[in-house]
Amino acid sequence: MPTFSQDNRILVLGIGNILWADEGFGVRAVEEFHRRYAVPGNVTILDGGTQGLYLVNYLEEADRMIVFDAIDYGLEPGQLKLVRDDEVPRFTGAKKMSLHQTGFQEVISAADLLGRCPKHLVLIGCQPLDLEDWGGPLTPPVREQISPAIDLACEILAEWDVTVSRRSAPLAQSERLLANDINHANYEMRPA
Amino acid sequence: MGIQTPNGFNLDNSGKRIVVDPVTRIEGHMRVEVNVDADNVIRNAVSTGTMWRGIEVILKNRDPRDAWAFTERICGVCTGTHALTSVRAVENALGITIPENANSIRNLMQLALQVHDHVVHFYHLHALDWVDVVSALSADPRATSTLAQSISSWPLSSPGYFKDLQTRLKKFVESGQLGPFKNGYWGSKAYKLPPEANLMAVAHYLEALDFQKEIVKIHTIFGGKNPHPNWLVGGVPCPINVDGTGAVGAINMERLNLISSIIDRIIEFNEMVYLPDVAAIGSFYKDWLYGGGISGQSVLAYGDVPEHANDYSAKNLKLPRGAIINGNLSEVLPVDHANPDEIQEFVVHSWYKYPDETKGLHPWDGVTEPNYVLGPNAKGTKTAIEQLDEGGKYSWIKAPRWNGHAMEVGPLARWVVGYAQNKAEFKDPVDKFLKDLNLPMSALFSTLGRTAARALESVWAGRQMRYFQDKLIANIKAGDSSTANVDKWKPESWPKEAKGFGFTEAPRGALAHWIKIKETKIDNYQCVVPTTWNGSPRDPKGNIGAFEASLMNTPMVNPEQPLEILRTIHSFDPCLACSTHVMSPDGQELAKVKVR
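From first to last, the protein sequence lines stand for chains F and Y.
For reference, each letter of the first sequence is one residue, going 1 to 192 in our numbering.
For reference, each letter of the second sequence is one residue, going 1 to 596 in our numbering.
If you are wondering where the hints come from, they were derived from the structure by calculation, not from laboratory data.
It should be emphasised that the depicted structure is a prediction, and the values quoted were computed from it without experimental measurement.
Some hints here could point you the wrong way.
Said to hold, decoys possible - Just a sample of chain F residues kept apart from chain Y, beta carbon distances all over 10 angstroms, derived:
1. Gly41
2. Leu82
3. Lys119
4. Ala158
5. Arg167
As the list claims (entries may be wrong) - Now the stretches of chain F that chain Y is said to cover, found in silico as 3 or more residues with beta-carbon under 8 angstroms:
6. 9-20
7. 48-58
8. 180-187
Built from N, CA and C at the ideal position, the CB exists for glycine as well.
With these hints in hand, go ahead and build the complete structure from the sequences.
This is how it looks when you write it as structure tokens:
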């Protein structure tokens with residue numbers, strides 16, 4: 001394993017529940033980010049699902065973190081919002097509107113309590129339209145924000161001196177973040 | 001006054017109504033309403049999951065071999081358990097057997113999940129119902145050290161260690177960012193620990209937070225990745241290559257040794273920190289033995305952790321299987337998942353529609369058609385309920401019953417069944433725990449007993465991990481490296497129609513999936529999860545479920561601070577994420593308590 005300078009281990013995380021329509025935004029965004037880009041060895045890409053405290057150790061091992069998530073800011077559906085550092089826990093806790101929300105705020109404070117929270121946090125949030133459609137797909141306004149959200153993440157990474165490169169060949173199915181029919185395209189072919 | 005339920009509770013809803021919504025520090029969202037009498041004793045309890053599940057809608061017409069990947073996403077905590085239950089259901093339906101190594105590896109993963117969940121549950125979701133964090137700030141570190149050393153030889157126990165910890169905690173609290181410690185009723189008289197015990201517990205809260213991440217490495221090794229490990233119908237997806245060096249995904253000696261060292265640490269933490277802490281905390285709450293509910297009369301365990309592969313009969317399962325009713329511990333009844341009359345789900349008080357709601361449906365024939373209507377005596381509106389009417393429909397959770405009985409499931413249920421079967425590995429630790437605290441057997445049937453059973457089970461699970469790890473290595477050394485059976489992998493080899501079930505003991509209780517397969521695709525899929533059992537609403541006969549029963553007759557110090565309700569509900573380790581689904585996106589912001 002190569003070693004990296006102590007302050008530039010980066011975690012790119014997506015959280016949310018793919019089974020609940022727009023709740024899946026964070027996971028779908030990180031899935032697509034991973035499909036599109038190859039990243040250097042100091043960057044970890046993670047589908048965090050709704051794992052809550054299980055994610056603490058990933059935070060502990062990162063100096064900087066970007067997290068994709070569906071968050072209710074009371075904006076227009078599909079509107080993106082970028083939040084940094086101290087604002088991140090405040091925003092994830094401002095309005096409890098989904099199951100993992102309280103969970104993730106606790107993950108941040110747990111890492112903080114252990115004295116090993118990433119020094120820089122960036123939340124790329126998307127305003128959901130529908131969270132009630134069990135088994136439903138991302139709604140169009142949210143799906144359309146996956147690409148812009150990924151572009152934002154790339155800008156942040158560039159700020160942090162990380163260069164990502166577009167994959168020249170498509171990623172093999174076995175290499176993708178989500179498999180077994182729950183990858184984005186297959187999942188949304190929901191039988192009537 | 002009041003209504004007598006068939007399962008022995010006298011419900012009186014004439015007193016002051018208290019609403020706790022949501023109950024915090026659980027996975028998912030639930031709401032509890034109780035009525036207290038003039039002495040603030042709970043005389044009626046109503047528990048509701050304000051969410052809705054319907055995994056069958058998503059799974060219909062999918063490939064059964066992929067079902068585990070979907071069910072793994074239902075819940076943020078039981079991922080592996082749902083996946084295991086799912087592959088077992090498909091194997092049961094199609095008659096697929098798995099190799100002995102796969103059985104050992106699945107047991108190791110399942111036991112690792114048990115320990116992980118129990119440790120995280122106790123320290124991070126439940127301890128704060130017993131431990132007053134703010135009180136820890138006034139503890140004497142020297143006296144804390146003396147206390148810690150009197151209960152365990154765990155090395156992290158010097159006065160300096162506790163002093164540093166206290167300083168860190170003080171800084172954290174003073175920063176105004178209480179984080180995981182917010183929403184506490186600090187200073188309440190319902191807390192009974194001295195400051196030193198509180199400080200020790202907070203120290204172990206942090207140690208457990210640090211330690212839990214070691215446990216999940218087992219899932220990363222066997223499951224290929226975490227937090228969503230891979231599973232496989234017919235075995236496990238990791239090949240074994242003991243002589244291999246670093247081949248991606250393959251299990252070699254180096255990885256097996258890493259797992260062994262993690263198991264050693266699990267055993268050590270369970271026995272030197274977790275169990276002593278529960279006993280120490282329990283010693284201050286010996287006069288608070290509320291919360292037993294129906295645990296002393298009706299408990300259900302499906303059993304799990306097969307000794308040998310492919311035999312799911314009670315005698316082959318190391319975690320006990322069986323049902324006890326009417327408090328008759330001298331008879332453990334057999335359980336049959338395929339019997340249409342045994343396990344049935346009722347919806348007369350649930351927000352679903354059945355053709356005939358006086359009758360229950362076996363999960364193979366289960367339907368999930370929403371019907372969101374409030375009872376005539378409910379207050380508020382459908383989008384802002386002020387008070388539920390338990391006379392009508394009032395929960396998104398169905399009411400499963402076993403031969404018509406409301407049953408408690410979970411660690412306490414498993415240990416009561418094991419105790420009743422007279423198995424020394426369950427009976428002896430229970431007897432010792434009670435004896436050390438000088439408590440009678442009846443004390444087991446309480447909130448404290450439920451919390452203790454979980455700790456005892458974590459100890460048990462750690463030892464079983466050692467057993468199956470040794471068994472796995474011995475089998476590999478004997479020349480068997482098989483981990484998967486692909487004989488019936490191809491759908492062409494399947495019958496036109498098949499049905500089956502799979503069961504496990506999830507950390508929080510008995511879990512089963514029922515599947516129907518038609519023309520190689522999923523035709524119906526139903527999960528009955530532990531919290532559906534424990535959190536169920538009333539049934540057509542009026543029996544109350546385990547959560548509701550557990551709150552009955554508990555005195556509250558201050559109804560505005562429902563610490564006693566949280567303590568008892570948390571002792572079940574409720575997980576609403578899988579029993580239910582979000583109802584209203586703009587509903588609840590933070591915990592609120594209403595007294596009416």
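Item to check | Beyond 10 angstroms from every chain Y Cβ - status for F:Gly41 | outcome: holds (16 angstroms)
Checklist entry - For the segment 180-187 of chain F, do at least 3 residues have a Cβ located nearer than 8 angstroms to some Cβ of chain Y? => result n = 3 at 8 angstroms, threshold three: holds.
Checklist entry - Can we trust that F:Ala158 is non-interface, i.e. its beta-carbon lies farther than 10 angstroms from all of chain Y? => result holds (28 angstroms)
Next on the checklist: Is the listed coverage of the segment 9-20 of chain F by chain Y valid when you require three or more residues with a beta carbon under 8 angstroms from a beta carbon of that chain?
Outcome noted: With 4 residues closer than 8 angstroms to chain Y, the segment 9-20 of chain F meets the three-residue bar; holds.
Checklist entry - Taking C-beta pairs only, is F:Lys119 more than 10 angstroms away from all of chain Y? => result holds (16 angstroms)
Checklist entry - So is F:Arg167 really clear of chain Y, every C-beta pair being over 10 angstroms apart? => result holds (19 angstroms)
Checklist entry - Is F:Leu82 truly not at the interface, in the sense that its beta carbon sits beyond 10 angstroms from all beta carbons of chain Y? => result holds (22 angstroms)
Checklist entry - According to a criterion of three or more residues whose C-beta lies within less than 8 angstroms of a C-beta of chain Y, is the segment 48-58 of chain F covered? => result holds (count 10)
Violated hints for the displayed structure: none, as all numbered hints are satisfied.
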